[in-house]
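In order, the protein sequences belong to chains A and B. If you use the numbering used here, the first sequence corresponds to residues 1 to 648, in order. If you use the numbering used here, the second sequence corresponds to residues 1 to 293, in order.
Where hints are given, some of them may not hold.
Stated by the list, open to error - Residues from chain A shown here face chain B by an in silico Cβ test under 8 Å; the list is partial:
no., residue
1, Ala409
2, Val455
3, Ile552
4, Ala565
5, Leu566
To be verified - Partial list, derived from the structure: chain B residues whose beta carbon lies under 10 Å from chain A:
no., residue
6, Phe98
7, Leu139
8, Ile142
9, Arg265
None of these hints come from the bench; they were simulated from the model. Only a predicted model underlies this, so the values are computations on that prediction, with no experimental measurement involved. Glycine included, every Cβ here is placed at the ideal spot set by N, Cα and C.
Okay, here's what each chain looks like letter by letter:
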Amino acid sequence: MMAIAILLPVAAGLLILAIRNYYARNVVVVATSIALIVNSVLLSINGPFTYTPDGVNWGLFITILDYAILLFYLYIGFTLRNWLVVIFAFTQLIPLAYFEFIMKAHLELSPAFVVDHLSLVMTLIISIIGSLICIFALRYMYDHEHHAHLTKSRQSRFLFWLVLFLGAMNGLVFANNLFWLYFFWEVTTLCCYQLISHDRTQEAINNAARALWMNATGGTAFIFAIIYLYATQGGSSALSVQTLIGGGMQASVVLLPVALLCYTGFTKAAQMPFQSWLLGAMVAPTPVSALLHSSTMVKAGVYLVLRLAPAFAGTYLSIAIAVTGAFTFFATSALAVSQTTGKRVLAYSTIANLGLIIACAGINTPLSVAAAILLIIFHAISKGLLFLCAGTIEHQIWSREIEDMEGLAAKAPLTTLITAVGILSMFLPPFGMLLGKWIALEAAYMVPLAAIFFVLASTLTIVFWTKWLGRLLQVLPKLGWPMEKLSLSYSAPLWTLLVGIFAVGIGVGPIYQNFLLDATHNVVSGNQIFVIGWNNLVLTSASFIQRDILGIFPIWPLYLILVVALLLPLLLIGLKPTELRPVYLCGEQVGGTDTDEWSAEADQKTKFLLGGYYFQSSLGEKKVNPWANTIAIVLLVIMIGCGVIVIC
Amino acid sequence: MWGDRHMLEQFILVIATLVGAPLAGGLLFGIDRKITARLQGRYGPPVIQPFYDFFKLLGKEHIAVSRLQFIWIYGYLVFMVVSLIFLVLKSDILLLVFLLGFAGVSLVLGGFSTKSPYAHFGANRELLQIMAYEPVLLLFAIGIYAQNGSFLISEIFKQDKPLLFSLWPLFLAVLYVLTIKMRKSPFDIATSHHGHQEIVKGVTTEYSGPYFALFHLAEWYEIVLLLGIISLFWANPLWVGILIALVAFLLELLVDNIAARMTARWMVRLSWSIGLLLGVINIAYIYLTKGVS
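Just chain A, with the same shape it has in the complex (with noise of 0.2 Å):
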């Protein structure tokens, strides 16, 4: 079963390459996303497993085909002339020569693949989310090309990077095997930036370079972690995953590697300062981004350092993790208020809340490794769905800019509805995002300096999610608005992640206890949340003597209450026409209450305009950038420092 979910996307992808025709290549797309899901729930409830392949020499094809890709990068930088390109694949290629040639030829391990509930987690997440988007990205792909008036369809090339995309992720997160994990890190990043640099505009290439070379700077790190690791402590078992994270080795050696391979996930979730290619990926067609950004690379990058959490434990490395992403958490919120396009606001939201993962788990106690699996899985969730509705809504104004959002409830309601819901899962109670961010404000007084980053950004998260719902709900008192129409590929996808939010939202109780915590248990020992009676989720401290109660959560009464507060409101209160009355503008109204007109000067009719507000003076990323930039660095910088520090 593992086989089919690497190498299914594999051989789907192919096919759908070879297909030309629309309805057939649709047909192939939507059989191996059922056929992943099946898959990964069938996976899950079988439970955890170890496994290694056979038969062929796996070790030398992938060695090969690691040679494959970083060639590829070279060609890639010597055809564009983007020399960071050429020199981050050089500085992946001549190590992994030396390792391949002089150290250890093809290494391989047994197990090589070791999933335990962590992974499973993780495959969910890819199976279900990701497949959900490929499912939406046949009818947006298809609308997108109409769109462009595309003489030749490049939709079955888009197609396969998609669905390969899947299978690279899922061998990412069972690999026990890091020269193979490394590999499967490859290819996420090449398909990366296939997909970036799809629609072929100068922009769409030079944003997929710069994508490349960050990247190629944490695939460096990682080969040096690998190379170290072999070096010190001589013999191929030390490339294993479970024996690097089960304290066998001396945590002075291990700290420096750790802190590489920290450096490398913090590259691909984006993390300040390598936040720009994240941001430069917008320029792909939206399904890139819904997949890049919910359930595929960046949360490879947070699984690699939750996943290596057990190995810096207890070290300043943890608190130095905590505090750089925490700061990263708080310094892409602020970025985030000044956006004007949609897109780029979900953008910094998703490396504010990657952030917000990578500090729990450089927390690293029960309760904030909880916090970052329950976030990594709703964050998955909403996200995806809010990229989905920004594709969605793209498709009906063809534009990404909130001010040309302005009164999309009256335009298009159903759109609206789920996309309002989207918005307010991401910031408010009960939804899972804010019972992550509770439960993980809850643990961060372990790391005071975390914690006040986390109230900062908290903050500065419900400033730029309110200022966008905001625009969407402005509308003339006029009644009667039309529902759209959704075609099948778009409105599937976004009612299941709709359903979702609520499913797992309500559920996360069951759902922790009999499945996330185990996953928290590959991370760290020890439990601290309890679920009690009503469907109560109860934090108790870290003293395992006494058990002290921290805070409460009572998921069920919320969900009512929610219901009483938003739902009946806006199913039971009618208004009649009668009832409607135009705006007040100090009585030089010109008209009914349909217009948006007022007599100016000499009584001229005049329209008038309501904006938002951006903060482009305080908060505008020229302002923000250089400064949170240079933080950054310094962070990143006594973060390996502290793997440094050990040695000496």
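Given chain A, work out where chain B should sit, using these hints.
Frame of chain A, contents of chain B only:
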């Protein structure tokens, strides 16, 4: 903790709060108007004038400018009430702050869901107010955790030593928040109780009749909630805390009458500098002296 007897007590407590809080809140606003009038050399309306106003508003015609308005004003009211219930049930203070945040966001979205310039100004400013007070309240919750090792309000009542002794810098910061939340000068920025606003009634401009009455109702619950939060600083015995809260209330009235309205930008800057500094120093001091409990 989850016994039947306990449940019954809690149920009675919730009902008592639902009924009692608006009575107390309305009365407080009546006192506010009376005292303010006296300070300004006027006679002022009777103390129960807010109730007269409330019922008068309820009897008015249903009119609106957008269907979305109702949803958010109900959201504002319901989440305000729920926050108060969290307080009287002595639940989680951090979650309470988040729920209060939902109430605030609802009011802002209510202003945004009309194409009205005045409501928009008000909503934007209300959002800035949230930006100003939310971090202080969150730090306050963390400060309580730093001191007590728990976010539960019930834990505060178990301590013999009042929070005021260890959290007095945060007390000052929360007083500042009280001024913002009570919409008193110098922070009556998003909407005001006095008719001297350049943005008419700000965020509530487009609410009228029964829906405006709901807004007032929510405000009554809010004032009780805020004074309740202040009284947590001296929870044992609670009457001292309530006394402190009432003194703080009177102090706000005084400040309201001697201060001029400031700009929203000034408010945010002040809050993010002095307000946050007070909270951060307070928490850092506890962390350094007590460590992680």
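Hint check:
no.: 1; hint: Ala409; verdict: holds, 7 Å
no.: 2; hint: Val455; verdict: holds, 4 Å
no.: 3; hint: Ile552; verdict: holds, 5 Å
no.: 4; hint: Ala565; verdict: holds, 4 Å
no.: 5; hint: Leu566; verdict: holds, 5 Å
no.: 6; hint: Phe98; verdict: holds, 5 Å
no.: 7; hint: Leu139; verdict: holds, 6 Å
no.: 8; hint: Ile142; verdict: holds, 6 Å
no.: 9; hint: Arg265; verdict: holds, 9 Å
Every hint from the earlier list agrees with this structure, and none is contradicted.
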